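**Q** Letter by letter, the chains look like this.
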Amino acid sequence: MTGWPMRLARILTVASVILLVAPLVLLIVFAFTDRGLANFPFEGPSLRWWRALLEEPGLGRAVRTSLTVSLTASVLAGVVGTLAAIGLARLSARKAGIVIAVLALPIVLPPLLQAVALLAGASASGFGLGLHTVIGAHLLFTVPFVIIVVHGRLSGIDPAIEEAARDLGAGPVRVFRTVTMPLIGPSVVGAMLIAFALSIDDYVLTSFTIGGGNTLTTFVWGMMRTSASPVVNAIGTILIVVTMTAAALGLRMTRYRG
Amino acid sequence: MSGTVSQGILNDRIWPLILPAAAVFLALGVGPLLWMFVISFWRVDVFRIAPDLTLRNYIDAVSLHGRALASTMALGIAVAAICTVLSIAVATVIRFAKPRTGQILLFLVLVTLFGGYLTKIYAWKTILGNDGVINSGLLTAGIISTPIEQLLYSPAAVIAAMVGFLLPFAVLPVAGALRAVEMIEIEAARDLGTGPAKLFRLVILPRIRRGVIAAFLLCFCLAVGDYITPILVGGGRTALYGQMIAPQFGTLFNWPLGAAMGFTLVVAALFTGAVCAALLDRVLR
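Chains A and B supply the protein sequences, listed in that same order.
Going letter by letter, the first sequence gives residues 0 to 257 in numbering that gives the first Met the number 0.
Going letter by letter, the second sequence gives residues 0 to 284 in numbering that gives the first Met the number 0.
Isolated chain A, as found in the complex (with noise of 0.2 Å):
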């Protein structure tokens, strides 16, 4: 491409870039800024704001629900998705597509709709609310992001080295163990960090559907609603930083490429 399509192209992409970068930048800037506004000119850096976020009752506690949240949703969606991923590969790719798109519904519907339809549910059942639900709640879109990302490393493994491995006198368990499992081994574990950053991320479900008590993203979301302190740049730099290292991390070791 070349030309003024391409130019337009460059100059649109510079505006994109901007549009998805300088929100974060700014937040992560002014949460080391010592005046009591996040704005300019910008005075000096600071971690009053941090030691202010420290002393804020609920925050430990809100720090270690998310953790255990979301830790116990990424491994279970890593072995659950993972199982899926490999009964999938074994269907032609025509009917895995057809599968996968289906158990993905839930990461297009609106998140408000799974999330009080989940209340509804909980509440009916008999199961009430609590990190039970908030877990299940966060199956329920992490599960088709390990099945797409494993299930897409599985089909892009060539089926002679396991023929191979098999031709040489080894047992399915062990060339499950000793091949398959090697080489999909880094997805699954990429694939249980983005589940993790997408857990940890999450709010609108789980404010539906944790009853009481707070996860990272319902204490930030309560401290939005009531102040507009520099503390709030600081939380959610910590936000940043967390999910955005855990994903980072995770598309690295799946090298998924969209």
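These are computed hints drawn from the structure, not numbers from a lab.
It is possible that some hints are incorrect.
Claimed, not checked - Reference listing, derived: stretches of chain A covered by chain B, where coverage requires no fewer than 3 residues with Cβ under 8 Å from a Cβ of chain B:
# : stretch
1 : 44 to 58
2 : 61 to 70
3 : 85 to 96
4 : 137 to 143
5 : 199 to 209
Said to hold, decoys possible - Cβ-Cβ distance ranges computed for the label pairs, FRET-style:
#  : chain 1 : residue 1 : chain 2 : residue 2 : range
6  : A       : Arg-254   : B       : Leu-137   : 43 to 49 Å
7  : A       : Val-24    : B       : Ala-188   : 36 to 42 Å
8  : A       : Val-20    : B       : Asp-44    : 49 to 55 Å
9  : B       : Ala-277   : A       : Thr-67    : 42 to 48 Å
10 : A       : Phe-126   : B       : Glu-148   : 42 to 48 Å
11 : B       : Phe-106   : A       : Leu-167   : 35 to 41 Å
In this text, all values refer to a predicted model and were calculated from it rather than measured experimentally.
Beta carbons are placed, not taken as given, at the ideal position from N, Cα and C, and that holds for glycine.
Add chain B to chain A, keeping to what the hints say.
**A** For chain B alone, coordinates are given in the frame of chain A:
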């Protein structure tokens, strides 16, 4: 046996492997939604919901909040359209710029896809507010003497924030579609004397049609379902449908109406989305 891997282990047992994932989908996804569909025909008796078979909730969902529904669809179209245009540009650069630039750009898009949903929206308050970056910057520079109040709490602020977190969702399908366009097709067209604009319109756009439509629909669906953005940056002036559903399950305690509104939103979104997709399909051919 058309599968590719680990033939042998649990060979005939494909479905048991899929079962746990299917169980999650059915028990936590489909089940609760069906239950909510049932509730949408019930009614509220003084602080509790009672079985009924009434269409009242659906009538209310449309008649009481019809305006919000319409403006939600319009806003969804605007957000999806902006995301789609920008995503075509970004995907084009990813595909045709130097490989290194393309890789970095793609990684940036993938990483910003995840993480900081609430934080990304909140950040726009920091940018657009009266004390925000733009106003304080303009004030300091002496370009304006009082802050421009309309920056925040306006439909434009909602659109900006939504485009900000939905754009990565749009780039991925377009970039995927563009990857399948071979250089040889482009060179062939160019050798035949096609100019860059015509090349883009007649060769590339028709080839990435499906990816573009997918990008539009994905952004549209996620935009109309979002109710956090209007709360944080829309103020009272931008009333979106989702904002009116959430309180039905909280303070207003009218689950049947909330459920009916939820399904009304989905049906309206499916219809609007289908019309938009058909139009795009025609235009891009």
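**Q** Now tell me, hint by hint, if it's right for this structure.
**A** Tested hints:
1. 44 to 58: With 0 residues in contact (Cβ-Cβ under 8 Å with chain B), the coverage given for the stretch 44 to 58 of chain A is violated.
2. 61 to 70: violated (count 0)
3. 85 to 96: Coverage by chain B holds here, the residue count being 8 at a Cβ distance below 8 Å.
4. 137 to 143: holds (count 3)
5. 199 to 209: With 5 residues in contact (Cβ-Cβ under 8 Å with chain B), the coverage given for the stretch 199 to 209 of chain A holds.
6. A:Arg-254 to B:Leu-137: 43 to 49 Å: holds (44 Å)
7. A:Val-24 to B:Ala-188: 36 to 42 Å: holds (40 Å)
8. A:Val-20 to B:Asp-44: 49 to 55 Å: The hinted range 49 to 55 Å holds for Val-20 (chain A) and Asp-44 (chain B), with Cβ atoms some 52 Å apart.
9. B:Ala-277 to A:Thr-67: 42 to 48 Å: holds (46 Å)
10. A:Phe-126 to B:Glu-148: 42 to 48 Å: holds (47 Å)
11. B:Phe-106 to A:Leu-167: 35 to 41 Å: holds (39 Å)
The structure shown violates the earlier hints numbered 1, 2.
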